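Colleague: If you want the building blocks of each chain, they are given just below.
There are 2 protein chains.
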Amino acid sequence: MVYLEFLGFIAGFFSTIAFIPQVYKTWKTKAAKDVSIQMFILYIMGNILWIIYGVIFEKPAIYVTNIVVFILASIQIILKIKYDRTDKTTLK
Amino acid sequence: MVYLEFLGFIAGFFSTIAFIPQVYKTWKTKAAKDVSIQMFILYIMGNILWIIYGVIFEKPAIYVTNIVVFILASIQIILKIKYDRTDKTTLK
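For the record, the sequence lines run as chains W and A. Read left to right, the first sequence gives residues 29 to 120 (my numbering). Read left to right, the second sequence gives residues 29 to 120 (my numbering).
Heads up, none of these hints are tricks.
Simulated crosslink set (SDA-like; lysine to any residue; CA at most 25 Å straight-line): (1) W:Lys56 with A:Pro49; (2) A:Lys87 with W:Ile80; (3) W:Lys110 with A:Ile48; (4) W:Lys61 with W:Tyr111; (5) A:Lys58 with W:Pro49; (6) A:Lys58 with W:Ile105; (7) A:Lys61 with A:Ser102; (8) W:Lys56 with A:Lys110; (9) A:Lys58 with A:Ile45; (10) A:Lys58 with W:Tyr52; (11) A:Lys87 with W:Ile84; (12) A:Lys58 with W:Thr117.
One side of the interface only, derived from the structure: several residues of chain A facing chain W at Cβ under 7 Å: (13) Ala46; (14) Gln50; (15) Lys61; (16) Gln66; (17) Tyr71; (18) Gly74.
If you want the footprint, here are the derived chain A segments under chain W, 3+ residues with CB under 8 Å: (19) 37 to 43; (20) 54 to 60.
Hints in this document: simulated from the structure, not taken from any laboratory. Everything numeric in this text was worked out from a predicted model, so none of it was measured. A virtual CB, placed ideally from N, CA and C, is assigned to each residue, including glycine.
With the hints as constraints, model all of the structure from the sequences given.
Modeller: And the structure:
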């Protein structure tokens, strides 16, 4: 059973770190035109609910990973808005 | 307790449908240059482990949502590879 819970931990680890390469790519290339902002907004809405769920059920694996993703997804949204605006200004 | 499990279901719903606008955007614009393929590969690795976890613990909410995201993320990877290749060919 402990080994199986560990499987959930590893699964959560991948779902969490997955957001790092996207944030890094956007920050590095200063472009996020092709990235859907709706995706990250919907994902954050899910995150908030998962954090509440994890806190109520006292499951740190759920709320800790979701707080990390919440931060990464928020950075992604900010970068997306910032670079989309720069992109438009450059085109003018 | 039933209401709280429903909270998990709604949370899972948002995390799952979040992938739809990204797949739709890529399919519509035929461009995914700014999208990180690593993000979706890592996410799929998490998905596979969550599916195993959900099946073992008999939690349909976990494995059903992860199967849906697995399909959407796979489509995103295929579209990304396809349009990145087209992009390069056009540039030549």
